[in-house]
Amino acid sequence: MKLRRVALEAFRKFREPAALDDLQDGLNILAGPNEAGKSTYAAAIRAAFLERYRTSTVTDFAPHGVPGARPGVELAFEHDGHDYVLRKFFLARPRCELVIDGGAQRLEGEEAENALAALLGFDLPARGQSRPEHAGVPGLLWIEQGQGQDVLQPAAHAAQHLREALTQLTGELAAHDGDRLYERVAAERAELLDARSGRPKGAWREAEEAHARAEQEAADLAAQMARLEADVDRLDRLRTEYERTRADAPWVALEARAAQARERLAQIAQARDALARLQQEQEQAEGTLALLQEQAARDQRDAEALAELQGQADEAVAIAARIEDEVARLRAASQAAAQRVGQARRDVARLRAAAARSDLDEQIDQLQAELARLAESQAQADGLAQRMHAVQAERVEHETDPAILKALRAADQRLAALRAQQQAVATRIRLALAPGMQATLDGAPLPADGAALLTHAAELRIAGVGAVHIEPGGKDLPALMADLAACQDERDASLRRLSVASLDEAEARARRYERSGHDLEALGRELKIHAPQGRDALRTRHDETALRLQALRERRAALQREEGADPSEPGMPAAAPDAAAAEFALHEAETAARQAEAALSAAQGRLDAQQGQAALLQRQLQALRAEAAAPERQALRDARATRLAQARAARDALQGRVAQARDELARQQPELAEQDLRRFQRSAELEREAQQARHTELLQLQGRLEQAGALGLGERLAQARADLERLARRRAEFARRAAALELLWRLLGERRAAATQRLLEPLARRLDHYLALLLPQARLRLDEALLPAALRRGDDEDALGALSFGTREQLGVLARLAYADLLREAGRPTLLILDDALVHADPARRDLMKRALFDAASRHQVLLFTCNGPAWTDMGVPVRTLA
Amino acid sequence: MTRFLHTADWQIGRQYGQFDVDDAAVLAEARFDAVARIAALAAERAVDAVLVAGDVFDTQAVSDRTIRRLFGALQAYAGPWVLISGNHDAMLADSVWTRARQLDCIPAHVRIAAHCQAIELPEAGLAVLAAPLTQRHTYDDATEPFDAIDTAPGLARVGLAHGSVQGRLPGEADAANPIAADRAARARLDYLALGDWHGCLEVDARTWYAGTPEADRFRGNAPGHVLEVEIAAPGAAPVVRPLPVGRYRWAQWTERLSLESDADALAGRLDAVQADEVLRLALDGELPLAAWDRLQAAIDRAAARARALLCDSTALSLEPQAADLAALQAGGYMAEVATQLQALQHDEAQADAAREALRLLLRWQREAVGTGAS
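Residue numbers (the working numbering), protein chains in the order written: chain A, 1224 to 2106; chain B, 220 to 593.
The set of hints was computed from the structure by calculation and includes no laboratory data. Small disclaimer: the values here were computed from a predicted structure and weren't measured. Mixed in with the good hints, there may be bad ones.
Stated by the list, open to error - Chain A regions said to be covered by chain B (calculated; three or more residues, Cβ under 8 Å):
1. 1404-1416
2. 1957-1970
What the hints assert, rightly or not - Among chain A residues calculated to face chain B with C-beta under 7 Å, some are:
3. E1938
4. A1941
5. A1945
6. R1975
7. A1978
As the list claims (entries may be wrong) - Not close to chain A: a few residues of chain B, all C-beta gaps over 12 Å, as computed:
8. Q336
9. G373
10. D423
11. E447
12. W472
13. A509
14. R524
15. E567
16. A573
17. R574
Built from N, CA and C at the ideal position, the CB exists for glycine as well.
Using the sequences and the accompanying hints, generate a full structural model.
As structure tokens, this is what we get:
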């Protein structure tokens, strides 16, 4: 399709007629500033084709403020070898006219509009203004301002036309029906199969569940039936058993046998009684016999006792005699021992006395010496004391207060020092008078060549000369003189206090005092040597010692007297001078004596006891003898012997009978009889009980079966099984249908997808062609609605919406170019209108887009409206400027 | 001279799960009707007795109502009925018979043998040696005692038993409830009336199976009869006449179709199916579309006419031609899919699904075309 001319009249801003002439094949660039009317032209072209001429809603076509306006558009175009002129007037006196081939055909009104719609591929609205869904192919290819990035909507509205074109190109047969079938299959499938999990749903699931339920029910009923049948069998068995047992009546036989056993037991019991009685008799006999035997034994024992007693008595006497001898012997020994003890004691005493005596002597000597010493000491001490006393008296006189002495000494020294000072300081006068001259100093004559110290003002009178008044200088001299005077006074005072005339005297006195002090001390020490605790103590000791000595002497004298009365005994061995040995001997002797004494008394004791015993036994013997000899006792003894013999015989007899009876009893086997009784009794009981139980169970079973029978279980089971069969069939049918649907759906889907792919192939090729100019490695993926779905670059895929605005705009343009190629190949009219379509492209992209446009313009007519004329001067076509 | 009816295997209470509920109910009801017809026939032909050789009931635990109905159905004939228990309704300690007694619905003229015994019917000129089965599974010959039972001299000795005659039944081997093949001779029976085999079958001149009076399964064996037996005198050879009493005819057709003509022939036969037929149809093979359509139509018509028709065509593959598909406007990839499915019909694993899928495809396409493509 090629548009040649667009003329407007009273259309929006074009109150006056305006036209675009000489539109070329290929690219037409129409530049103009804003508000130059570019979009108006685009709108007019759209209106001319898409809007119904009769529509009254397009009031915005009319220029503003012109009532009764009649907007008109005239288009001249050619397509497929025909010329077309379209005139359309809106609002006032609306009209539409299509003149084909210069009048060869003329279409008016709706007819014209419909023809155009069929030609270009769009729809006319039923009423009102044209909406995007009507715009079809023009809506896709004529990009309005700011709409470039949205290609999906317009493409969707043009889809049918695109598809037709594709179908035509690819020769793919219309898949209409295929799609319809596919949808139906999908729908039917979705009814039976859950899309995600492939599990039964809807009616199929119900069928499955119903089947499962029926299965369960049939199984339950079958189980009940089985139980029922088991019950029936049991009933049968029980009944037979019951009848049989009733006929047999096993308990009768058992009870009979039990009775038999009982009888036997009775018999046995009797025999047992008899045996018991015999045994009792036997026991009695045994008892009697035992008694008699005991008595005989007692007699025997009596005789024996007597003999024994005799023996014992004799023995006792013998023992007593023995002991008597022993006692005598021990007595002698004891006496000897006592004697020895006495001797030893005497020895010891003697030795002790001697020791004591010598001891005393020693002590006395000691004390005497002591006494003498003490006396000596005392004398010495007395002498010393006297001397001390003298010294002391002397000393008192020489007492010199050391402090004063010290002061004196000091004063003396100071005085000397002061005098020296004075000498030094004092004015010295040395005279060397002519002979015969005399001088007096303060009246005191001075030798002719004498010297004198002047410490104070003095007058030197020289006879014949006169008097010289000398006043010694020196600043300290008065002070010195004062000091001197003071010192002198002090000294004098001290001397007075000490009562001495001079220091030397004082010193001498002090020395003497000291010396006497020393002497006193020495004396004192000496005294101390003699009398450490003092003389009084010494005296006291002396007196004490004297007294003690006196006492000792007296004792000694006493001792002497004692000893004198007891001279050493003759005949005794020489007294061992060793006291210890004598002590030891004494100790030994004493011990021996004690032992002997003890032995003696023990023996004596035994003797007494034994004698007593012997006497007792003798008495007993006599008494017993007397008793045994009594005659009546003898008689008794005889009688007993006879009876004993009798009793024994009786017992033996009984023993024999008992043994006999026992044997007989044993033969009867009483335990066995007892066991039999118990066994048969119990068995009979059990049999009766079992029969009773059977009876009860029979009744129960019968009752249960009656009940079950009334429920018609068998029929219900048959019914359930029949139902199960039906449900199984139904379920199988569903399963089969589902499998078929699945298969069909899968196959259809596969084929459909393949067909779509083939259908899309040309479109994909054209898109790739254009896309390669902009983004070399990229591809646009198409969905089966023939719309671009995503941009794939390398391994990444971006949905369209995720791309930048500029890119989307560019892709939108490229997609439209591809669609246009497609439509053209299918012989449809293609006119591209771009109204400021690439404003968001950066310079690099814009260049690439220009390439694409240039390429496309070689196939289609493109009207490019732009406000930026200079930017488009490199397209190889003139840039027309709109006024 | 005595004349009696011999029947068996009434199988009252049997359920037919393979049919849908309505048909099953009708078929179950038909069994009662058969009994009524027997009673009517007995009265009509004025026989001396009716002997029922076991399996009167199909299961022990039928409902009370069923029991009452059954005994009620006997009332048309007032002469003596002798019933024995078979293996399905064995005379156990508690059985359908004991319940019938409890329900007190057994008419006086109906004699039920409780154990192996001779039941003498002097008015009928018959001594019936009855061997009812008293166990759920019987492994020994219940007719054994017949040899030793004596009956009154003037009466015809007729044995009444339920089991399988050793070695005489087609295809049965080691069945339970055996009966000696020569029992009639050994026990000096004039006639041995047997039950258990559901077809009317002559074992020998004196030993017959009456078969079930109303067919109850698809296997053939000539059911649907009662036997009218006439014995001129004790010892004479019995004259046996099978009388048809069955209402429905059961048949099973297994057809392998490979040519159109096969399908058409079958369609023709189907068109001849009557209202009293119960038919099971199993189809196998391949058919072109048109032939299948025709056959399908014939099947539908036959199903409408017959008492019941079970058709299993899951093993039948369709072979639509290109023309068929074109006619259906199944173009483009649809046609490809159809071809694919056609091929898959012969693949073991997917044959069933493929056949069904192909049919769905063709059917829906036909519907779509039929409703007019938009």
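>> Which constraints among the numbered hints does this structure fail? Numbers only, ascending.
In response: 16 and 17
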